[in-house]
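Participant: Start from the sequences, fold in the hints, and give me the full structure.
Same order as they appear, the protein sequences are chains A and F. Note that the first sequence covers residues 1 to 172 in my numbering. Note that the second sequence covers residues 173 to 344 in my numbering.
Quick caveat, the hints were computed from the structure, so don't treat them as lab data. This structure is a prediction, so every number in the text was calculated from the model and none was measured. Please note that the accuracy of each hint is not assured.
The calculated label-pair distances, taken between Cβ atoms and stated as ranges, are [to be verified]:
#	chain 1	residue 1	chain 2	residue 2	range
1	A	Glu136	F	Ser325	38 to 46 Å
2	F	Gly280	A	His55	42 to 50 Å
3	F	Lys225	A	His79	35 to 43 Å
4	F	Lys225	A	Ala143	32 to 40 Å
5	A	Pro54	F	Ser325	41 to 49 Å
6	A	Asp158	F	Arg314	26 to 34 Å
7	F	Pro342	A	Leu131	26 to 34 Å
In silico lysine-lysine, DSSO-like type, Cα no more than 27 Å apart, as pairs [claimed, not checked]:
#	chain 1	residue 1	chain 2	residue 2
8	A	Lys166	F	Lys318
9	A	Lys146	A	Lys53
10	A	Lys166	F	Lys326
11	F	Lys225	F	Lys318
12	A	Lys166	A	Lys146
13	F	Lys326	F	Lys338
14	F	Lys225	F	Lys338
15	F	Lys318	F	Lys338
16	F	Lys338	A	Lys154
17	A	Lys154	F	Lys326
18	A	Lys129	A	Lys53
19	A	Lys166	A	Lys154
20	A	Lys146	F	Lys338
21	A	Lys166	F	Lys301
Examples of chain A residues toward chain F, derived with CB under 10 Å [stated by the list, open to error]:
#	residue
22	Gln43
23	Asn63
24	Glu105
25	Thr147
26	Lys166
Glycine included, every Cβ here is placed at the ideal spot set by N, Cα and C.
Number of protein chains: 2
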Amino acid sequence: MTATRSNSTAAAPANLQEEIQKRRPFDLIEEEVHLNLIRTAQQQLDAAEAILKPHGLSAATYNTLRILRGAQTNEGAGHGRMCSEIGEQLVSRVPDVTRLVDRLEAAGLAERARCDRDRRVVYVRITQKGLDLLTELDPVIRAHHKTTLAHLSKRDMDELNRLLFKARHPEA
Amino acid sequence: MTATRSNSTAAAPANLQEEIQKRRPFDLIEEEVHLNLIRTAQQQLDAAEAILKPHGLSAATYNTLRILRGAQTNEGAGHGRMCSEIGEQLVSRVPDVTRLVDRLEAAGLAERARCDRDRRVVYVRITQKGLDLLTELDPVIRAHHKTTLAHLSKRDMDELNRLLFKARHPEA
DNA sequence: ACTCAAAGATTGTTTGAACAGATACTGTGG
DNA sequence: CCACAGTATCTGTTCAAACAATCTTTGAGT
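Facilitator: Next comes the structure, spelled out in C-alpha cells:
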C-alpha cells in the first residue's frame, strides 16, 4: 500500500479512504471495491430519484415503466409483460411485483389483462398516459446521465462497463 | 431457493444488453454505465446482506457497527461517535440515525451516553457484545469479499477503484 | 378422471425507510 | 436577563420493501 497523507485538514478527498475518514488503509482491496461500488451506485440512484420523485415515480416504478414500454414496441402485439417477466428484468430484484403494478395501475400508468390461454398469468401493459410520462422524462434523464458522467471519457466508460460486467460474472 | 435470477434456458449473457434482454443497444453509454453500476452494487449488497441477516444485522446496522468500532479504537478515549457523525460516515446516507441506533441498542450491540459538555449531543458507543459480533463476522466477510471478486486481477480492481472514485467526483 | 406438484399472482403482516414536525440545549446579541 | 437563531436529537406518520402464506390454474402422472 502506498503511504497516504494524514487527513488532518479538511481537504478534498483523494480516495475512498479519506472520503469516509477511515483511519487505516483498507486491508483488503476487495473490500474497497465493494464499498466503492455501493457508494457510487447510491449516488447515482439518489440523483435519479431526485428527478423522478416530483413526477410521482421511484426508481423501481420508473424501471418497470421502461420495461413495459420496451415490451410493447418489440413483441407480442402489445399484450405487455407478465408479472414474473418484470421481476426478472428489473435492475433491482423485487419479490413484490404485484404491488409495484398496483401503484402503476392506481396512477393510471399501466393496466392489467388476464391471459386467455393461461389464466394464471396477468399481462401488464403500459397506458398512453404512461407512454406520455416516459416521453416527457426521456430528455431529462438523458441530459442528467450525460451531465453526471461528463467528466469520464468514452474510454473510461467502456472500461468501467467492462469491469462492472466482469465483476458480476465470475464464470466469464 | 437458490439461483432465482439465472435463466437456465437461454445462453449466458455476454454483456448488459443481453443480460436484461434489451432489444436495442443502449443509445447512451452513460445510461449503460448507470445501470451497470446499480446492478453490480445491488448484487454485492444482496450477497452481503444474506450473510448478515442470520446474525440479525442489515447493511446499515453492520456499517454503523463498523464505524463505532473504528471510533472507539482511534480517538476520543472510547466515548464513541455522535449521531450526526455516524450519519455523515455511513456509505448510504440515512437521515434517521436515531432509529438505527435504537435497533443496535435494543440488540445490546451499542449504548448511548449523553455528553456532559453539550447536553444536546448523544455519544454512541459499541458494546463488548457488538465487538464480539464484529470479531465473529470479520473472517466471514473477508472470505466472502475475496471469493466474489476472486476472478478480478489486482490490476482490474485497482482500475475499478480508480474509475468508481472518478465517477463520484466530477471536479477531480 | 383424479391426484398432486409446480407456476403465477395476490394478500397479510411485519419491519425499515423517508419526510416533516417537535423537543431540548447552546451560544450570541441586545 | 431575555429573545432568538442554530444545532442535535427525538417522535409521529406515511409508504414501500421483505417475507411468508394462500389461492387459482395448469400440466403431468397414474
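Participant: Each of the hints needs a verdict: does it hold here or not?
Facilitator: Each hint tested on the structure:
no.: 1; hint: Glu136(A) - Ser325(F): 38 to 46 Å; verdict: holds (44 Å)
no.: 2; hint: Gly280(F) - His55(A): 42 to 50 Å; verdict: holds (44 Å)
no.: 3; hint: Lys225(F) - His79(A): 35 to 43 Å; verdict: holds (38 Å)
no.: 4; hint: Lys225(F) - Ala143(A): 32 to 40 Å; verdict: holds (39 Å)
no.: 5; hint: Pro54(A) - Ser325(F): 41 to 49 Å; verdict: holds (43 Å)
no.: 6; hint: Asp158(A) - Arg314(F): 26 to 34 Å; verdict: holds (31 Å)
no.: 7; hint: Pro342(F) - Leu131(A): 26 to 34 Å; verdict: holds (33 Å)
no.: 8; hint: Lys166(A) - Lys318(F); verdict: holds (15 Å)
no.: 9; hint: Lys146(A) - Lys53(A); verdict: holds (20 Å)
no.: 10; hint: Lys166(A) - Lys326(F); verdict: holds (13 Å)
no.: 11; hint: Lys225(F) - Lys318(F); verdict: holds (20 Å)
no.: 12; hint: Lys166(A) - Lys146(A); verdict: holds (23 Å)
no.: 13; hint: Lys326(F) - Lys338(F); verdict: holds (18 Å)
no.: 14; hint: Lys225(F) - Lys338(F); verdict: violated (32 Å)
no.: 15; hint: Lys318(F) - Lys338(F); verdict: holds (23 Å)
no.: 16; hint: Lys338(F) - Lys154(A); verdict: holds (13 Å)
no.: 17; hint: Lys154(A) - Lys326(F); verdict: holds (23 Å)
no.: 18; hint: Lys129(A) - Lys53(A); verdict: holds (17 Å)
no.: 19; hint: Lys166(A) - Lys154(A); verdict: holds (18 Å)
no.: 20; hint: Lys146(A) - Lys338(F); verdict: holds (15 Å)
no.: 21; hint: Lys166(A) - Lys301(F); verdict: violated (38 Å)
no.: 22; hint: Gln43; verdict: holds (6 Å)
no.: 23; hint: Asn63; verdict: holds (9 Å)
no.: 24; hint: Glu105; verdict: violated (23 Å)
no.: 25; hint: Thr147; verdict: holds (9 Å)
no.: 26; hint: Lys166; verdict: holds (7 Å)
In summary, the structure is inconsistent with hints 14, 21 and 24 from the numbered list given earlier, while agreeing with the others.
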